[in-house]
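**Q** Go by the hints and put chain D onto chain A.
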Amino acid sequence: MSKVESTEVAPNTPAAEVTSQVAALREERLFLLLSIFIGVISGLLVVSFRMAIDWLSVLMRGSSPQPHQLRLIVVPTIAGLVIALFVRYVFPEARGSGVNQTKAALYIRNGYISGRTVVGKFLLSALAIGSGYSLGPEDPSLQIGAGVASLISRRFGLSRERLRVFAPIGAAAGLAAAFNAPISAILFVIEEVIGNWSAAVLGSIVLSAISGVVVARWFWGAEPMFRIPVVNLVDPRELLAYAVLGVVGGIASLVFTKALGWLRPLLRRQPASWQLAQPAAAGFLIGCIGYFGLPQVMGAGYEAIDAAMHAQFAWKILLLLALFKIVATTLSFASGTPGGMFAPTLFIGAMLGASIGSFEHHFFPHLTGSIGSYALVGMGVLFAAFLRAPLTSVFMVLEVSANYSIVLPVILANTIAYLISRTLQPVPIFEIFTHQDGLDLPSMEEQREESNLHLEDALHPVVVPVLQGSETIASVWNSMTRYGGLDDAPAVLVHCSDGLWYAATSREIESFLAGFAPDATLATQASEPPRPTLTLEQRLGPERTPVLFPDLPLASALPHFRRWPLLPITNRAMRGALEGTVSLDDVLKRYQQR
Amino acid sequence: MPTTIDETSIATRRLILRDALAILSLTLATAVLFAITLFLFRSFSAHRADLAQRWSQRGVEALSAHKPGEAIVALRTALTYAPGTPKYEQLLAQALGEAGLTDESYQYFMGLWEAEPGNSIINLQLARLAAKRNERAAAVNFYRAAIYGTWEGDGSVRRPEVRLELARYLMANHDLPSARLELLTAGGNAPDDYDRDMTIGQLLEQTEDPADAFVYYQRASAARPGDPAALDAAGRLAYRSGDFEEAHHLLERAYAEREQKHESIDSNADDVTMMDNAARILELLPSPTLPVRMRVVRILAAQAIARKRFAACSAEFSAKLPPALQALGTRWYGADGTAGATALLRNPSQQDSTMQLVYDTEVQTEKFCAAPTGDDALLLILATTPKLNLQPQAGRLGQPITPHD
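Quick mapping for you: the protein sequence lines, in order, are chains A and D. Residue 174 is where the first sequence starts when you use the working numbering, and the numbers rise one by one after that. Residue 274 is where the second sequence starts when you use the working numbering, and the numbers rise one by one after that.
Hints listed in this document are in silico derivations from the structure and should not be mistaken for laboratory results. The beta-carbon is built from N, C-alpha and C at its ideal position, and this holds for glycine as well. Please note: incorrect hints may appear among the correct ones.
[To be verified] Distance ranges between label pairs, derived from CB positions:
#1 337(D) / 239(A): 41 to 47 Å
#2 300(D) / 537(A): 58 to 64 Å
#3 389(D) / 446(A): 55 to 61 Å
#4 373(D) / 466(A): 16 to 22 Å
#5 389(D) / 254(A): 43 to 49 Å
#6 430(D) / 466(A): 30 to 36 Å
[Unchecked claim] One-sided excerpt, in silico: chain D residues whose CB lies under 8 Å from chain A:
#7 310
#8 313
#9 317
#10 328
#11 350
#12 353
#13 355
#14 384
#15 421
#16 423
#17 588
Bound conformation, chain A alone (with noise of 0.2 Å):
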């Protein structure tokens, strides 16, 4: 943080000046290189912290966890005694998902993330995921990545401004390296954490996605992370049965947003020893799930989500799995244990997606679709509906698949999902996070539902005069009569011949005037004998008004204000037609009026 503050309290010595354009110059071009080894930083990061996770898991569960093993019950108890011990007094920060921490941090820290946060995040989460957590890799991957991406950015001592934005590059890269899903990283990013496709870190986001994938898929391979049959809808009443699995998507995820907002502040208002003692909790009940049945539950379960889309579960069973994930995720996360969401959200949807679909196949045999791709559309379904994120729903479905034929019923079910969720629980889960933790956050689903005002909202009929730029300074005074003067009137526009428009002013047309009014007073003022000939554009010169259409947005107009007293909005099929006219008190009445 020292160096940032340095650079913010910039010295008013020349040298200082100059080293300040400087910096500004190199930050630009550091910002994309930098956007690379932050990719690929993050990517070694991810695949060291799956492998991680993995390790613990065969430590510490074996490497075939069974029911009725008794080590499914101990292990995570332990654990989650450790953990709450190491996010108590070592790294408080660590705690959550990780998509919030990385908000705050863009939001609230100028976009810091300590790299004690990022070393508590890997550890922490790689313990609780590993030794059975109904918690994900993904979000803290994305935190992993956000934090790597400030510790650099940090080390070349960049401005403010590009250190927050540094946050989302790293954020997108982590996400991306661990869904082996560059697009659906990219989406993510921008639906959820910046919340607007800002041109300016696109590009570094997108760079350092790709490059976390590259990584990525140079140690884990290219293959999608689940695949299934192609699906051919032969009916299109087919996506009946995928209608259905919105439906029930989007209760489902009403279900689980509701037991988390109830259960986790609930848990945080408990005794601080109790809440000590919440993960260690937390895991034995996550433990005796799996010791009496169910030990698929535990984990990230991405296992098993690859066997229902083998249709290996009856429908009834996976129901069930379904219930139980709800209930184990809700515990890890409300009892403050590190890990993501992302892998449980799409374990409850692959469940209900594939026993619905195993119900249909049971109940309407000539439906085509096979397991798998109910499974996958459910996915999607829960990923929309749970996590408001439509448009990454969707492509995450299709890049963890490399399957495009199933778009349409997933576009339908996630929509479905989607606004039923939104209807029955209109804060997104993210955002009831950030209320309970004291924060406020932008949403990022109000930003996108926002309507911007355009300078059509503001737009009034042409009142004031309205002046050819050919016509003589001569004639302009009898023009101007015709008007009835210029008391009345706050400017007068000037149509050049080029097709643009002049705004000037009654003082700019008055001292125009002097020389030709009738008034001797005028004519005393003016500074040299004007000439007969001289036309009001060549007196005006070559500065025009801004171009300006109503479709633009309302704020455009405001930096134009300081210079011309109103400005003139035009067509834009037909260069210089005047649509009307918009004036500083126009756009903040405009304004006032929300």
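**A** For chain D alone, coordinates are given in the frame of chain A:
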């Protein structure tokens, strides 16, 4: 002014130097991190591969021990450590099928098939599962895809085997003509193999194609000269096809081979009986190739045997004879039943008419009276056995054989 330029220049140089050093250190850090990750990843991959190997071995052992439930658990674990390994996936799908989870297995194989539509093993498993699911068209398609697909180096052996399996499936579905075509193709494409030729021969017999079956028995015998099983099979086929001379010859050779090899003939008692019957039939048969006198003598002997059989059967009815027997009685009192040696020698068509009466008598009396024994039974065999030409291309066994494609 010069001071400002100098300061600017120095500041810029410092910045460039600092950035260059920072990028260099970042590159080094990345390289070190990469090396560490690579080292850990190799160790990690080796450990996972070892676990996958161990669990897959357990799965294979469980499958061999017909414990599909255990195999499923083991193979699922193996796939956890080596996801997407086709061999393990195929074994798991197979285990699912063996555990009775046909639909699950079918779905699993379909997933694998998507990735490798030309893989013969996957197609074969899908064919078997489709057969279990009574999806006949799909089963046949998958069998065909398995035959024409890719095998792992043993295609020449596996393709005919799959074709035989397809033929069996078609036979089970009563599609004998298609099955026959598959069998002939399997035999024609495969190199000479005793076991396969015997199997094809037996299956061709079941598809009601004794002529081609006989050819394959011949090929089996040629592949393993003096093999009594092939000779027996061919002899039995010849016997059932009415070629008693060939049957006797083959069965006699088989008997001789067994004796020579000191094999027990108890297990082939039926063949010995068949051989004896064939010998006796040859003694009874009034073959058109015999000299006329000899043929007439045999007709008269058959006539006497049949007449006795008719009389014994008629005596079993105290009241009125059934219409069929009444009609036979009428014929026995007619020219066919009373024709003597002179009449038969003089009239060749009478020979055939008399023999027809003999055959009809054996057939009808078998319907109304007790089963015939002795010569009556043999005459009945002569009466009912179709006369087929079993040797369209080759001569007796042991002679060179043209493969029948």
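**Q** Work down the list of hints and note, for each, if the structure agrees.
**A** Hints and how they fare:
Take residue 337(D) and residue 239(A): their Cβ atoms lie about 21 Å apart, and the range 41 to 47 Å is violated. Checked against the hint of 58 to 64 Å, the pair residue 300(D) and residue 537(A) passes, with Cβ atoms roughly 59 Å apart. A hinted range of 55 to 61 Å for the beta carbons of residue 389(D) and residue 446(A) is consistent with their spacing of about 58 Å. For residue 373(D) paired with residue 466(A), a C-beta distance near 21 Å keeps the hint of 16 to 22 Å intact.
Between residue 389(D) and residue 254(A) the beta carbons are some 48 Å apart, a value that agrees with the proposed interval 43 to 49 Å. Between residue 430(D) and residue 466(A) the beta carbon distance is about 45 Å. The supplied range of 30 to 36 Å is therefore violated. Checking residue 310(D) against chain A by beta carbon gives a least distance of about 5 Å; that is within 8 Å, so the hint holds. Proximity of residue 313(D) to chain A holds as hinted, the smallest CB-CB distance being about 6 Å (cut-off 8 Å).
For the restraint placing residue 317(D) at the interface with chain A, the shortest Cβ-Cβ distance is roughly 5 Å, inside the 8 Å limit, so the hint holds. The criterion of a C-beta within 8 Å of any C-beta in chain A is met by residue 328(D), whose closest approach is roughly 7 Å, and the hint holds. Evaluation of the residue 350(D) hint against chain A yields a held restraint, the C-beta minimum of about 4 Å falling below 8 Å. Given hint, residue 353(D) at the interface with chain A, holds; its Cβ is 5 Å from that chain's nearest Cβ, closer than 8 Å.
Proximity of residue 355(D) to chain A is violated relative to the hint, the smallest CB-CB distance being about 12 Å (cut-off 8 Å). For residue 384(D), the shortest C-beta to C-beta distance to chain A is roughly 6 Å, which falls under 8 Å, so the interface hint holds. Against a cut-off of 8 Å between C-beta atoms, the interface hint on residue 421(D) is violated, since the closest Cβ of chain A lies about 21 Å away. Given hint, residue 423(D) at the interface with chain A, is violated; its Cβ is 19 Å from that chain's nearest Cβ, farther than 8 Å.
For residue 588(D), the interface hint is violated, the least distance from its beta-carbon to any beta-carbon of chain A being 65 Å, above 8 Å.
Hint check: violations occur at hints 1, 6, 13, 15, 16, 17; the rest are consistent with the structure.
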